[in-house]
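**Q** Residues per chain are reported as follows:
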Amino acid sequence: MAKKTFRMAINEAIAQEMRRDPTVIVMGEDNAGGMGAPGEDDAWGGVLGVTKGLMPEFGRERVLDTPITESAFIGAAVGAAATGLRPVAELMFVDFMGVCLDQIYNQAGKFRYMFGGKAVTPLVIRTMFGAGFRAASQHSQCLYPVFTHFPGLKVVIPSSPYEAKGLMIQSIRDDDPVIFFEHKVMYDDEEEVPDESYTIPFGEANLTREGDDVTIVAFGRMVKLANQVADSLAGDGIGCTVVDPRTTSPLDTETILECVADTGRLVVVDEANPRCSMASDIAALVAENAFDALKAPIRMVTAPHTPVPFSPDLEDLYIPTPEKIEAAVREVAGRG
Amino acid sequence: MAKKTFRMAINEAIAQEMRRDPTVIVMGEDNAGGMGAPGEDDAWGGVLGVTKGLMPEFGRERVLDTPITESAFIGAAVGAAATGLRPVAELMFVDFMGVCLDQIYNQAGKFRYMFGGKAVTPLVIRTMFGAGFRAASQHSQCLYPVFTHFPGLKVVIPSSPYEAKGLMIQSIRDDDPVIFFEHKVMYDDEEEVPDESYTIPFGEANLTREGDDVTIVAFGRMVKLANQVADSLAGDGIGCTVVDPRTTSPLDTETILECVADTGRLVVVDEANPRCSMASDIAALVAENAFDALKAPIRMVTAPHTPVPFSPDLEDLYIPTPEKIEAAVREVAGRG
Amino acid sequence: MQLSRGMQLSREELLRAYRGMRTIRDFEERVHDEFAAGTIPGFVHLYAGEEASAIGVCLDLEDKDRIASTHRGHGHCIAKGCDVTGMMMEIYGRRDGLCGGKGGSMHIADLAKGMMGANGIVGGGPPLVCGAALSAKTLKTGGVAVGFVGDGGSNQGTTLESYNLARVWNLPAVFVVEDNGYAESTASGWAVAGDQLKRAEAFGMPGRRVDGHDFFEVYDAAKEAIDRARAGDGPSLIHVCLNRYYGHFEGDAMTYRGEGEVDRLRAERDSLALFRKRVSEAGLIESGQLDDIDREVALIIDGAVAASKAAPAPTLADLTTDVYVSY
Amino acid sequence: MQLSRGMQLSREELLRAYRGMRTIRDFEERVHDEFAAGTIPGFVHLYAGEEASAIGVCLDLEDKDRIASTHRGHGHCIAKGCDVTGMMMEIYGRRDGLCGGKGGSMHIADLAKGMMGANGIVGGGPPLVCGAALSAKTLKTGGVAVGFVGDGGSNQGTTLESYNLARVWNLPAVFVVEDNGYAESTASGWAVAGDQLKRAEAFGMPGRRVDGHDFFEVYDAAKEAIDRARAGDGPSLIHVCLNRYYGHFEGDAMTYRGEGEVDRLRAERDSLALFRKRVSEAGLIESGQLDDIDREVALIIDGAVAASKAAPAPTLADLTTDVYVSY
Ligand SMILES: Cc1ncc(C[n+]2csc(CCOP(=O)(O)OP(=O)(O)O)c2C)c(N)n1
Ligand SMILES: Cc1ncc(C[n+]2csc(CCOP(=O)(O)OP(=O)(O)O)c2C)c(N)n1
Ligand SMILES: [Mg+2]
Ligand SMILES: [Mg+2]
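Protein chains in written order, with this note's numbering: chain F, 1 to 336; chain H, 337 to 672; chain C, 673 to 999; chain G, 1000 to 1326.
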């Protein structure tokens, strides 16, 4: 076991699955890079280097660069998945979903149902999300609530390198279309990641902390922040359970409800915009199904209802911070 | 005042605004119809006849038919709105958003913020939504939760002909991009609608019933069903307040919270899929801000987490019914 | 001029082609009647009048070859071998329909037959075709993928992007633009700027225009394009000019069409009549044999409708299944 | 051969063109340096090397004429008259930036100047251009709308659909494909199937290919297209072949480029050097005057950077404003 970055963990997961299964292919803009260009081959490995090295090992036949035509190539990944391949396609930034969403939610996500259970669409769409990169309004959104809304899609949000590897391998092996969300600010995060292949099942939340007073449900990069807060509050005698659902669809409702049954208090931390978000989804779940256990109002810590601002000063105010999370936890714990 | 259908009310609203303001234009596939064809002009007036008669009155210069290229013409409406026109563009079925969403949420919805408050984008996108028409998975979705998620867009869901006219006129006069949701099953619904022009402001919920026991928040066609249920339960001594928020963005949070403060019980009725939906959005709002008033778990009545099935038998099971709403109300009222 | 390859087809193949066209025609005429009688729900778009296109393109395709279709998909389904009773049951929303009643007319599919689905989204198919062609290429199945779009769908960005991708990836794909002169009520002459063949050329593909009422012309062009794709020489486009006999969907009053337009088309541009004329003039098949097929097909369609009417609907338990492979 | 209309420009106009190109060059070189020094955050795509395109196209445009730009938008902004200090402040994320610091490099806009915004979405601009052209046509302003896209963006469905719509609606629009040979690390020769001019033809538009390092060639083609649009004769396409001097974005190591490629380009394909050569050979302007402009521009850019560094950032109160006109 060695320390690996989030980037490396994803890369290794894909490479191992490509070795194991010849039907796994990779495609996306500059996923190798340098197509038709005079310089280096595998020049990019994707815009942030996640797929670097795959092309030299697996060849241009299995690592395909694409023109900038997301409808065509994401749609091609959908069509390929329905006809015998297991594509891992990259939608560079999830913000670009607007030019290709139809192929994802109306085609891939509905094939199985519309076709009476006869279609299998083992597709992974990897995509970058999240703020903090000073990438401005059209390159910083979360958007996983939108994908979670659609039946037929599975939505995965890994919160660390270890999680990323296991969830990516699971995503590739899964027979349903999976949208795999990679937080762009986490690519250099490091932790111990096993060299061997392993899977983390969908729909099984991970309790990264356990405590008696407050349940914090957080997604992606917010899990780390929630744990920080939990650590610091432990010293103050406020015990937090931190739930990383790992997948928002399917959602491990059982674990979340059990945790709230134990603590009676809930804070949800969601980097996305607040309306029709995962924060509201979890809050509603609990308000419907664990109401009797609740000892305090539910608190949601989210981004504001604004686009992501460019200015670093504003962007830092936009993203949920440990301070805001802590304030919410203290409030529901009656220890404001 | 005369009885008018939902269809007529919308048509009249647009026509009156076109008479009042020469910058208002209409565009969409077959919005007049018959372009380049040998037969009748104004042959269609939109697929369900909502824009019929506008072209003969205002001419082809102000009622534009389009090729089937939603990115180009919805985007053109966005660009036109940013440069001096007030387009009322039709996205025939909201299900088609997947081929043009970028122009709506990344362009129209973000211009003002990204451009530091200097852009004005007075755009209306009319779109058909909802199940019950036996139109199957790709022509029956609600999808307003997706649009509600995006900052910068306003989302309007009229629940009757009267509401439709006033809200449409407001939408056209509003300086922000508005997505105007027309339930396809409601076009032939009739009620008294004033001949003169009037507006209904955004963000002001309508209380269609008042009662002491349970607050029902419902959207679009569901408002009618909720009122039916309220009527029938009144006989049983269960008093319902029915809230029609009219616009999901902006949302009249105040009225909703006040109603729940009064009744202590909440049922949300949302025809959309349940995850990250308006049902969850409202439930979360209340669980955060009116928790202390709540006397019972919140109940959400929604479609299941499945695509819309074609078979009429299944579709009828898919859509929330008065029976399901009534059961939910009885349950929270402790009168199951 | 090169001798038509279609005219060199075997007797069995010609009969199969005729049977296919007759099945489509009868299927659609019957759906039209049943819709009018109120026994069929929903949005239904009929392919009557366009039979020679689907059959001409698909006649030589095997199950490993894939097609993606449009909202006007019944003809393509039949041409690709979908079971007619299963289709009819689907259109009736029955549990034993090809898609369990969950799909309906606009979403009939049979992946085992290489039929990737009708599609409710105009331009939804061509990207999927690129994917199916990529599968064939990567898995070296020798298969090809064919995408049908209408004249209206030919403008959609998804379609145009797919031309580019298919060429850049050198995919075994064929794009068939079925130009029936209208997209809903809008004439293709107005909505399609430029020219379909020049579009093919603009994306580096060979293109060919054919009379879509003439099975033989369609067959020849398709054969050429399919052979090219199978040989690894990349995508092509076929611009098929044809007509629809009915409205855009059932219920369309068709006031945008010319006076007597449909009657004239039925009289003069009937792919079945034209086929009969060609094969009998060439002495390839006696008309009695074709009459036999007509009778057989009529019985099959009768049977399909009767079975559909009698078949059970899906039930509550079916509502929430088939969303995922694993839950 | 027709005499270049660019060569017939007045002395003032030529000086304005040169000043514009020099401003872009200096602006970009300076942003490059500042980014490398770590004072500028975010994704920054530089236009250095492409100056003659923006200036050649925009020189004659008025405020009522609109342009829509790309992620590589600084040059277009400058060419359309955006304030250079306001732009620099925006790139620094300052409160007094052209967009209040909320937009950043990829979203600089100034609607009053007819600059509809850089765009973070490849292919995001062309539909907006159709809209601006429609406004001009409907409101009879006499204005035109120009859309810039890269070679990569030229494949996007949104772009191709816009060609069709502009032609069908006969809009006063000009589409400028700036082909700098690469989209990120991918060569346009690989990713663009077929040919840009044939694409124009395929959608019924005139098209013209020009050397994008040569202001005069660009100007002439733009003039022709803009005149055509203003005259009500519809859209055109210009395929501008040029080069970028820096990486795709700042931080790109450019290993995909050929050995010495950029050095060679800087030496041989420099729009500013080429302009100087042309005007001095033709005896139109003495080089001293151009040197004066160089000095003036350098001071302006220095000033813009200094002001930006000193300027205040936006604050919490700014975070939630400007989402809507009315709340
Ligand atoms: C993206 C999208 N836009 C619009 C529609 C509505 N619609 C369905 S069929 C159709 C006309 C299609 O015309 P064409 O492609 O020529 O096919 P035809 O109906 O003539 O066979 C339209 C506009 C749709 N289904 N999908
Ligand atoms: C829809 C979309 N896809 C992908 C990207 C990422 N991206 C930004 S610029 C770029 C390359 C654009 O190439 P080109 O159009 O040639 O413009 P150039 O950068 O060469 O000026 C890509 C892929 C994007 N911003 N938007
Ligand atoms: Mg057509
Ligand atoms: Mg380029």
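Hints in this document: simulated from the structure, not taken from any laboratory.
These numbers come from a predicted model, not from an experiment.
Hints may be right or wrong, so weigh each one.
The calculated lysine-lysine pairs, modelled on DSSO-like cross-linking and capped at a C-alpha distance of 30 Å, are [stated by the list, open to error]: (1) H/Lys-631 / H/Lys-660; (2) G/Lys-1222 / H/Lys-339; (3) H/Lys-660 / F/Lys-295; (4) H/Lys-560 / H/Lys-631; (5) G/Lys-1063 / H/Lys-560; (6) H/Lys-660 / H/Lys-560; (7) F/Lys-295 / F/Lys-324; (8) C/Lys-870 / C/Lys-981; (9) C/Lys-785 / C/Lys-812; (10) F/Lys-118 / C/Lys-812; (11) C/Lys-895 / G/Lys-1197; (12) C/Lys-870 / G/Lys-1112; (13) C/Lys-812 / C/Lys-736; (14) G/Lys-1112 / G/Lys-1139; (15) G/Lys-1112 / G/Lys-1063; (16) H/Lys-388 / H/Lys-560; (17) H/Lys-388 / H/Lys-454; (18) H/Lys-388 / G/Lys-1139; (19) H/Lys-631 / F/Lys-295; (20) G/Lys-1276 / H/Lys-454; (21) C/Lys-812 / F/Lys-52; (22) G/Lys-1112 / G/Lys-1308; (23) G/Lys-1222 / G/Lys-1308; (24) C/Lys-949 / C/Lys-981; (25) C/Lys-949 / F/Lys-118; (26) F/Lys-118 / C/Lys-981; (27) F/Lys-52 / F/Lys-3; (28) F/Lys-118 / C/Lys-785; (29) C/Lys-870 / G/Lys-1063; (30) H/Lys-631 / F/Lys-324; (31) G/Lys-1139 / G/Lys-1063; (32) H/Lys-454 / G/Lys-1197; (33) F/Lys-118 / F/Lys-224; (34) G/Lys-1197 / G/Lys-1308; (35) G/Lys-1276 / G/Lys-1308.
With beta-carbon atoms standing in for the labels, derived distance ranges [unchecked claim]: (36) G/Gly-1259 / F/Glu-57: 24 to 32 Å; (37) C/Glu-734 / F/Tyr-198: 35 to 43 Å; (38) H/Pro-530 / G/Asp-1062: 54 to 62 Å; (39) G/Asp-1291 / H/Gly-395: 51 to 59 Å; (40) G/Ala-1230 / H/Asp-531: 43 to 51 Å.
Ideal placement from N, C-alpha and C gives every residue a C-beta, glycine not left out.
**Q** Within 30 Å, alpha carbon to alpha carbon, are C/Lys-949 and C/Lys-981?
**A** Cα-Cα ~36 Å, so violated.
**Q** Taken at face value, is the distance from the CA of H/Lys-560 to the CA of G/Lys-1063 at most 30 Å?
**A** Given pair G/Lys-1063, H/Lys-560 is violated - Cα atoms ~48 Å apart, limit 30 Å.
**Q** Against the 30 Å threshold, does the CA-CA distance of G/Lys-1112 and G/Lys-1139 hold or violate the hint?
**A** holds (18 Å)
**Q** Straight-line Cα separation of F/Lys-52 and F/Lys-3 no greater than 30 Å?
**A** Distance ~18 Å between F/Lys-52 and F/Lys-3 Cα, so the pair holds.
**Q** Given the hint that G/Lys-1276 pairs with H/Lys-454, test it: the Cα-Cα distance must not exceed 30 Å.
**A** Violated. G/Lys-1276 to H/Lys-454 sits at ~41 Å, over the 30 Å cutoff.
**Q** Regarding the pair H/Lys-454 and G/Lys-1197, is the alpha-carbon distance no greater than 30 Å?
**A** Violated - the C-alpha atoms of G/Lys-1197 and H/Lys-454 are around 39 Å apart, more than 30 Å.
**Q** Sort out whether H/Lys-339 lies within 30 Å of G/Lys-1222, counting only the CA atoms.
**A** Cα-Cα ~57 Å, so violated.
**Q** Given the hint that H/Lys-660 pairs with H/Lys-560, does the C-alpha gap stay at or below 30 Å?
**A** Holds, at roughly 14 Å.
**Q** Are the Cα positions of C/Lys-895 and G/Lys-1197 separated by 30 Å at most?
**A** holds (26 Å)
**Q** Would the pair C/Lys-812 and F/Lys-52 pass a check requiring their Cα atoms to be no farther apart than 30 Å?
**A** Measuring from Cα to Cα gives roughly 26 Å; hence the hint holds.
**Q** Are the Cα atoms of H/Lys-388 and H/Lys-454 separated by 30 Å or less?
**A** Since the Cα atoms of H/Lys-388 and H/Lys-454 sit roughly 36 Å apart, the hinted pair is violated (cutoff 30 Å).
**Q** Should the hint that G/Asp-1291 and H/Gly-395 are 51 to 59 Å apart at their CB atoms be regarded as holding?
**A** Holds - the Cβ-Cβ distance for G/Asp-1291 and H/Gly-395, about 54 Å, lies within 51 to 59 Å.
The structure shown violates the earlier hints numbered 2, 5, 8, 12, 17, 20, 23, 24, 25, 29, 32, 33, 34, 35 and 38.
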